[in-house]
Amino acid sequence: MSAYLDSDLRTQARARLEHHAAECPECRSVLDDLRHMLALLRSAPLPAPVADGPAIATAVLRRLHESADY
Amino acid sequence: MNQPTTDPGQERALIARARAGDESAFAQLVTEHSARVFGALRRFGLNPQEADEVAQEVFLRAWRGLARFEERSQFSTWLYRIAFNEAQRRLARRPPPTESSQPDDEDAIAALPAAIGTGPQARILDREFEQMLERALAELPADLRAAVVLRDLEGLSTEEAAAVAGVRQAAFKSRLHRGRMQLRSLLEPYLRLEQAH
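If you read the sequences in order, they're chains A and B.
All residue numbers in the first sequence are consecutive under this note's numbering, ending with 70.
All residue numbers in the second sequence are consecutive under this note's numbering, ending with 267.
Hints should not be assumed to be uniformly reliable.
[Claimed, not checked] Where chain A lies over chain B, by a calculated footprint (3+ residues, C-beta under 8 angstroms):
hint	region
1	80-93
2	142-155
3	199-210
4	217-227
5	242-248
Just so you know, these hints were derived from the structure itself, not from any lab.
Backbone N, C-alpha and C fix where the C-beta goes; we use that ideal spot for every residue, glycine too.
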């Protein structure tokens with residue numbers, strides 16, 4: 001099913017799965033759930049950072065200067 | 071996904087300058103990519119403080135490894151690889167969970183219907199989903215979690231995600247499928263409720 005949702009199945013296998021899902025409510029339900037879940041995952045916002053980009057850059061440069069191998 | 075705002079040509083120029091030792095160019099690269107690196111580290115399972123510390127480690131390693139960066143891969147994918155390795159290293163150092171260190175919520179996913187019922191619509195549902203997702207991801211074995219995070223949350227291609235995880239594509243696809251199926255079971259109450267709205 002993952003391969004199907006990623007458009008990673010060959011035509012024949014794809015048609016077989018679609019035919020089966022049309023007749024099997026259980027598999028159709030799993031497929032619908034996965035499709036819905038993937039849409040939610042792909043639009044999920046990034047976790048909010050503790051520090052902004054410039055603050056991280058400053059901290060990284062400070063650590064670079066402090067490190068022995070700089 | 072939070073895409074960097076620098077175009078590929080500008081980024082290549084920044085990388086070249088950073089390789090030559092230009093710290094301000096490197097600082098710009100850090101600024102551009104820090105939110106994405108931090109977000110990936112959180113999704114790999116680190117808490118906010120850990121992710122903040124480890125994000126700095128990732129960029130320190132990137133600075134030291136810039137000479138080895140092969141520009142046929144994207145800079146962001148290369149950073150994901152460093153971030154993935156650093157996250158696994160940090161997670162491996164954690165003490166095993168004890169009874170008392172488990173979250174004290176009774177079972178946030180099982181309690182979800184009541185939680186959704188109390189909030190006014192979409193924003194609340196988004197926030198609820200984020201919380202449910204974080205808890206559900208924590209239930210997945212690390213290799214399955216990484217597969218779902220890289221492919222479905224971070225939006226990498228299968229080829230890129232497999233390279234970051236350090237496995238062949240066939241093995242990666244198997245992990246991804248198992249991860250998605252487990253996550254779907256964990257999120258099922260939410261998915262059902264949302265579909266009903």
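Now the hints, each set against the structure:
For the region 80-93 of chain B, the stated coverage by chain A is not satisfied: 1 residues place a CB nearer than 8 angstroms to a CB of that chain, which falls below the threshold of 3. Under a criterion of three residues with beta carbons nearer than 8 angstroms to beta carbons of chain A, the stated coverage of the region 142-155 of chain B fails, only 0 such residues being counted. A count of 3 residues in the region 199-210 of chain B with a Cβ less than 8 angstroms from any Cβ of chain A is obtained; the coverage claim is therefore met, three being the minimum. Check result for the region 217-227 of chain B against chain A: holds, 4 residues qualifying (beta carbon to beta carbon below 8 angstroms, three or more required).
Under a criterion of three residues with beta carbons nearer than 8 angstroms to beta carbons of chain A, the stated coverage of the region 242-248 of chain B is upheld, 3 such residues being counted.
Taken one by one, the earlier hints fail for this structure at numbers 1 and 2, listed in ascending order.
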